[in-house]
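> Below, each chain spelled out in residue letters.
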Amino acid sequence: MRRASPTHHRRCGLRGVRLRAGAAVLTTLVLVGCASNARLAELARPLQLPAVVELDSTPFHPQSEQQCGPAALATVLEAAGHAAPLDRLQREIFVPGRQGSLQPELVAAIRARGLLPYEPGGDLGELIAELAAGHPVLVLQKQGFGPWPAWHYAVAIGYDSGRGTVLLRSGTTERLELRATVFDATWGRAERWALVVLEPGRMPARPDLERYLRAAASLEAVGQLDAARAAFAAAADHWPDQPMPRLGLANIDAARGRWSEAERGYRAVLALEPRLAAALNNRAEALSRLGCHEAARHVLERGAAQIDPEDPLRPALSRTLADIEARAAVAEAADPDVCARLGQH
Amino acid sequence: MLFRKAVVYALCLAVFNLGSPLVARAELVGTLQAVEAGTRAEDLATVSAALAKQEVREQMAALGVDPADIDARVARLTDTELRTLADRMGEMPAGGDALAVIGIVFVVLVILELVGVIDIFKKT
Numbered sequence: 111m112r113r114a115s116p117t118h119h120r121r122c123g124l125r126g127v128r129l130r131a132g133a134a135v136l137t138t139l140v141l142v143g144c145a146s147n148a149r150l151a152e153l154a155r156p157l158q159l160p161a162v163v164e165l166d167s168t169p170f171h172p173q174s175e176q177q178c179g180p181a182a183l184a185t186v187l188e189a190a191g192h193a194a195p196l197d198r199l200q201r202e203i204f205v206p207g208r209q210g211s212l213q214p215e216l217v218a219a220i221r222a223r224g225l226l227p228y229e230p231g232g233d234l235g236e237l238i239a240e241l242a243a244g245h246p247v248l249v250l251q252k253q254g255f256g257p258w259p260a261w262h263y264a265v266a267i268g269y270d271s272g273r274g275t276v277l278l279r280s281g282t283t284e285r286l287e288l289r290a291t292v293f294d295a296t297w298g299r300a301e302r303w304a305l306v307v308l309e310p311g312r313m314p315a316r317p318d319l320e321r322y323l324r325a326a327a328s329l330e331a332v333g334q335l336d337a338a339r340a341a342f343a344a345a346a347d348h349w350p351d352q353p354m355p356r357l358g359l360a361n362i363d364a365a366r367g368r369w370s371e372a373e374r375g376y377r378a379v380l381a382l383e384p385r386l387a388a389a390l391n392n393r394a395e396a397l398s399r400l401g402c403h404e405a406a407r408h409v410l411e412r413g414a415a416q417i418d419p420e421d422p423l424r425p426a427l428s429r430t431l432a433d434i435e436a437r438a439a440v441a442e443a444a445d446p447d448v449c450a451r452l453g454q455h
Numbered sequence: 005m006l007f008r009k010a011v012v013y014a015l016c017l018a019v020f021n022l023g024s025p026l027v028a029r030a031e032l033v034g035t036l037q038a039v040e041a042g043t044r045a046e047d048l049a050t051v052s053a054a055l056a057k058q059e060v061r062e063q064m065a066a067l068g069v070d071p072a073d074i075d076a077r078v079a080r081l082t083d084t085e086l087r088t089l090a091d092r093m094g095e096m097p098a099g100g101d102a103l104a105v106i107g108i109v110f111v112v113l114v115i116l117e118l119v120g121v122i123d124i125f126k127k128t
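Chains as they are written, first to last, in my numbering: chain G, 111 to 455; chain S, 5 to 128.
Here chain G stands alone, though its shape is the one from the complex (with noise of 0.2 Å):
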């Protein structure tokens, strides 16, 4: 196996300096502040994965100065199947003033990509399981010391649980390999933020309910409904018994102005989870879409009702009380048999 030892890493912003020396220097700092083994075996083995995986098909952009944002962006977006030229990247997310790259915009450029950019909860294990499923793993690493802090940003490809080590492409180095415990330790400072894309509909290795939302929502608050649509219908396969999944899913409905699908969609959402005020919200304003007024304002009274006191959204509800009550005056109202069979529910 060939070995790209450490000292031959070269880091964001760095230009014409070799350097064997400071990276020696670095790896004792961070050494000296972890005593304790990451054991990758152990953490390999009850997962059931791999002891030694390496995705050697991941493309690699070397970096140039200050760009390994652009770099491990391209690398994993490419290894997506979604090439991106670096320079193009580099006026996406590079912001002179701060010589980087920062993690929203990152994050935002996946998106804007229509796919689903998910952060693994942040331990190794976690890491080493979304290698195994074949996801490279954008990471960010806090180097330097004291009051001179260095942030990079690489992209993991594989570790060796045999040999202790991590395999990254990384800056000018296009087989990394770091001891596990120093790249936990610089990972670790920057609290192992993680990032893998996927394609809309497929899941992480290890999907955690809250952060599939949060991503999947984000890509709709930014338009990307398709994209959306196709992650909140695997997360609703998923988590069979959660709502939010299926307000999502109703949510694009609304979006795309289909009022009858999405009120049918908020139903379901509140048949398992009465006091979601969100979908209480929404369906009212189905409703009163759907020209059913009388049917709106009685969702929502009754849902005000029935709502934590403390819920953040309660203004909302109240907003839409009035807008619903403003348009009951001026719009026609629908069928009242339609709206009556509606309204049971």
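By construction, these hints were calculated from the structure, which means they are not laboratory data.
Accuracy of the hints is not assured; some may be wrong.
To be verified - Derived, one-sided and incomplete: chain G residues facing chain S with beta-carbon distance under 7 Å:
#1 PRO206
#2 LEU357
#3 ALA388
All values derive from a computational prediction rather than experimental measurement.
For every residue, glycine included, the Cβ atom is placed at its ideal position computed from N, Cα and C.
Fit chain S to the supplied structure of chain G, relying on the hints for placement.
The following block gives chain S in isolation, referenced to the frame of chain G:
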């Protein structure tokens, strides 16, 4: 009578154009807002999204982002991300910023080498 009608219509139009809250489109609660309402009850909207967006625009310009790119970059961020950036754009981790550290480490090493504490620059 006709005049009165005309005035009423004109006023109605004006009201619509002004986007008066009375006739404004009710906002659906987006899924992201619903997820966030369920996970953290803290003040969700201390800073309005519009204000945060403006703040991020200004900071990007100040940090040297090409003005031609700013609108597109801001448009793809969620309200939560905009608020985070508006608050912390200047000091949050910016992957890429390693020059100073490396320089300092290098200088320290050279000094240690020169005074004979370490001996790592020798060719082996």
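> Can the hint on PRO206 (chain G) be confirmed by a CB-to-CB distance to chain S that is less than 7 Å?
3 Å, holds
> Using 7 Å as the Cβ threshold, decide whether ALA388 (chain G) counts as touching chain S.
Hint holds; ALA388 (chain G) Cβ to chain S Cβ min 4 Å, cut 7 Å.
> Given LEU357 (chain G) as an interface hint, is the shortest Cβ-Cβ distance to chain S below 7 Å?
This hint holds: LEU357 (chain G) lies near chain S, its Cβ roughly 6 Å from the closest one there, short of 7 Å.
When held up to the earlier numbered hints, the structure conflicts with none and fits them all.
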